[in-house]
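Asker: Below, each chain spelled out in residue letters.
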Amino acid sequence: MNGGIIMKEKKTKAKSSTEKFDQTISGSEKEKYILRLYVTGKTFRSTMAITNLKKICDEYLEGQYDLEVIDLYKKPSLAKDEQIIAAPTLIKKLPLPFRRIIGDMSDKEKVLMGLDLVKIKGL
Amino acid sequence: MKKEESKILNKTLPKSPTGIQGFDEITGGGLPTGRPTLICGGAGCGKTLFGMEFLIRGATQFNEPGVFMSFEETNEELTKNVASLGFDLEYLVKHKKIALDHVHIERSEIDDTGEYDLEGLFVRLGYAIDSIGAKRVVLDTIESLFAGLPNQLILRAELRRLFRWLKVKGVTAIITGERGEETLTRQGLEEYVSDCVIILDHRVTEQNSTRRLRVVKYRGSMHGTNEYPFLIDENGFSILPVTSLGLKHQISNERISSGITALDNMLEGKGYYRGSTVLISGTAGVGKTSVAAHFAEAACKRGERVLYFCFEESPNQLMRNMLSIGIKLEPWVKKGLLQFQATRPTFYGLEMHLAATHKAVNEFKPSIVILDPINTFTMGEKDIEVKIMLMRIVDYLKSNQITALFTNLNSNGGILEQTDVGISSLIDTWLLLRDIELSGERNRGMYVLKSRGMAHSNQIREFILTDHGVELREVYVGASGVLTGSARIAQEANENAELLTRKQDIEQKKREIERKRKALEAQIATLQTDFESEESEAIKMIKTEQDTIKRLEQDKIKMAESRKAKTEKNTVKKLKK
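Keeping their order, the protein sequence lines are chains X and L.
Numbering-wise, the first sequence is residues 1 to 123 according to our numbering.
Numbering-wise, the second sequence is residues 1 to 577 according to our numbering.
Derived from the structure by calculation, the hints contain no laboratory data.
Some clues are possibly wrong.
Stated by the list, open to error - Think about it this way: if two alpha-carbon atoms lie no more than 27 Å apart in a straight line, the pair counts; the simulated DSS-like pairs of lysine-lysine are:
hint, chain 1, residue 1, chain 2, residue 2
1, L, Lys96, X, Lys75
2, X, Lys42, X, Lys93
3, L, Lys359, X, Lys75
4, L, Lys169, X, Lys74
5, L, Lys387, L, Lys359
6, X, Lys42, X, Lys108
7, X, Lys74, L, Lys550
8, X, Lys74, L, Lys167
9, X, Lys75, L, Lys518
10, X, Lys74, L, Lys359
11, X, Lys75, L, Lys94
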């Protein structure tokens, strides 16, 4: 039950922050991250993934990302369209290259690598 | 029997018919309904096709829509691949009979960041199933997941869950898997799918490939345990179970001529039964093909269509050779009554031969089929497979009332009354041609080894190839045994000579008697003449005597008259007395 509430909160927060981003830094030269996180209901893994991802995004991509969390149970047709097998799956649509990151996002280093953020950190 | 059995089985374990020719027969009804079945085999053995045909036939024949989830081929590729087998996948997809889903996994695109599950796949599959109300599911080849996703432990646990989930969903599923080195599948899927396991195999022996299918396991059901050869042709899968040989053919009482009058005479004077299977076996060069060609020609003359499979000679060579014994086949080919199908037996595997035979027979619709010779198949194949194939051909031809004539070359030293491929039990009429070596000569003999349903001759006939076809002669059976060829001719000459001598003897005897008779007659004639002359002499003498007596008397009377004696009257009276 708790997890569900957290997710909702995060979701709204995420959306609000992207809106803020759009309003304030439009036309910025910084790359915009379009991320889609596909989860399946309110399982432990789903909430873990959402929480972990939010944390990472806020830390490394503050105001530079567009994250949408999608529940596959509600939109099952998307699973086929987006070639999703594993849950949770994070799809980085932009910037290229296109990448999929699966799992509960608990391995922070790997998430950063998948988002090509390790380099940024190094620089 | 079979039907009853499957009825009982159906009570305990419901089965979903696959519609795949032969498969439902060996499994007693199909795949277990609502349970997953594992189909494993190496590359190119037909796993995908089996799954696809299961779905397509399910959708078209049994009104059970199906989902095909492909982990390897794209939807376009699948559609194209099965189009070559005459299935219109696009149409079925459009009409919601089949749903296709290509799962694309690119390992390089995927990073794992912790624990995950396959819920995405479940959702995806569940959605596809619900969208068309699918009853059948094929997952081809789910093992690709192992290459595409990290963390095998999770994957295994999830697969186990998937197969359980499929059971709960109540769909009849096929899961395909690549054959592993020691296990049935590379990833040991057989541990999870344990209701029904089928192995497909594609073996190459002696440069010929043969496909085989085996039901390794079928929980809760009886099933054929043999390896069954199968073929993939333009009609899809076709499994050749020996047990499908139903012996319920329509039979015919009609008799058709063998094209050789003397042979017809050996078969009650009427020839073969229509729709029967005739085998001509013999050693090399005894004239098997000639007998077959006679049969073909006779059939064409009756206006029937003949399909001639020649596996050793080209049609032109065969026609030329037959022309030398006065059998003209070419006009019939031109008329379209006779068709040759010439392929080397080694050209392709058995199943393809069977497929080719089926196809050619279906297209040409002959009333007579000739296979010349059948034993060439044994070169590259094992006997049992050849036997099964021939059985299948015989079965097929019989059910279509087609008279089949096979020739079989007996290898030297082999037992004559046994074909190399051991199909004698399938044969209705069996003619045996054999060479008879005698006095430095090799001649041909022919006899009817068996002929079901007729009082056939038990005689060995000498078989002679002349410029006007095959002739059968009665062999010489006499004090010095069975003689053929020039020995027979010599014997006949001997007999003729003997006869002549005897005839001459009789003539001579006749002449002798005649001579004797003539001599006797001559004797008789002489005696007669003698007698006659004696007789006439005697008569003459008697006459002379009588004349003399008369004269004496007259002289007496004259003397008395001259003496004028009174005693004249007394004397006359005395003389008269």
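Asker: Confirm or reject each hint.
Answerer: Hint check results:
1. L:Lys96 - X:Lys75: Given that 27 Å is the threshold and the Cα spacing comes to 20 Å, the pair holds.
2. X:Lys42 - X:Lys93: With Cα atoms ~24 Å apart, Lys42 (chain X) and Lys93 (chain X) stay inside 27 Å; holds.
3. L:Lys359 - X:Lys75: violated (49 Å)
4. L:Lys169 - X:Lys74: holds (19 Å)
5. L:Lys387 - L:Lys359: holds (20 Å)
6. X:Lys42 - X:Lys108: Answer holds: Lys42 (chain X) to Lys108 (chain X) is near 21 Å, not above 27 Å.
7. X:Lys74 - L:Lys550: With a Cα-Cα distance of about 179 Å, the restraint between Lys74 (chain X) and Lys550 (chain L) is violated, given a limit of 27 Å.
8. X:Lys74 - L:Lys167: Roughly 23 Å separates the two Cα atoms, so the pair holds.
9. X:Lys75 - L:Lys518: Violated, at about 135 Å.
10. X:Lys74 - L:Lys359: violated (52 Å)
11. X:Lys75 - L:Lys94: Holds, at about 22 Å.
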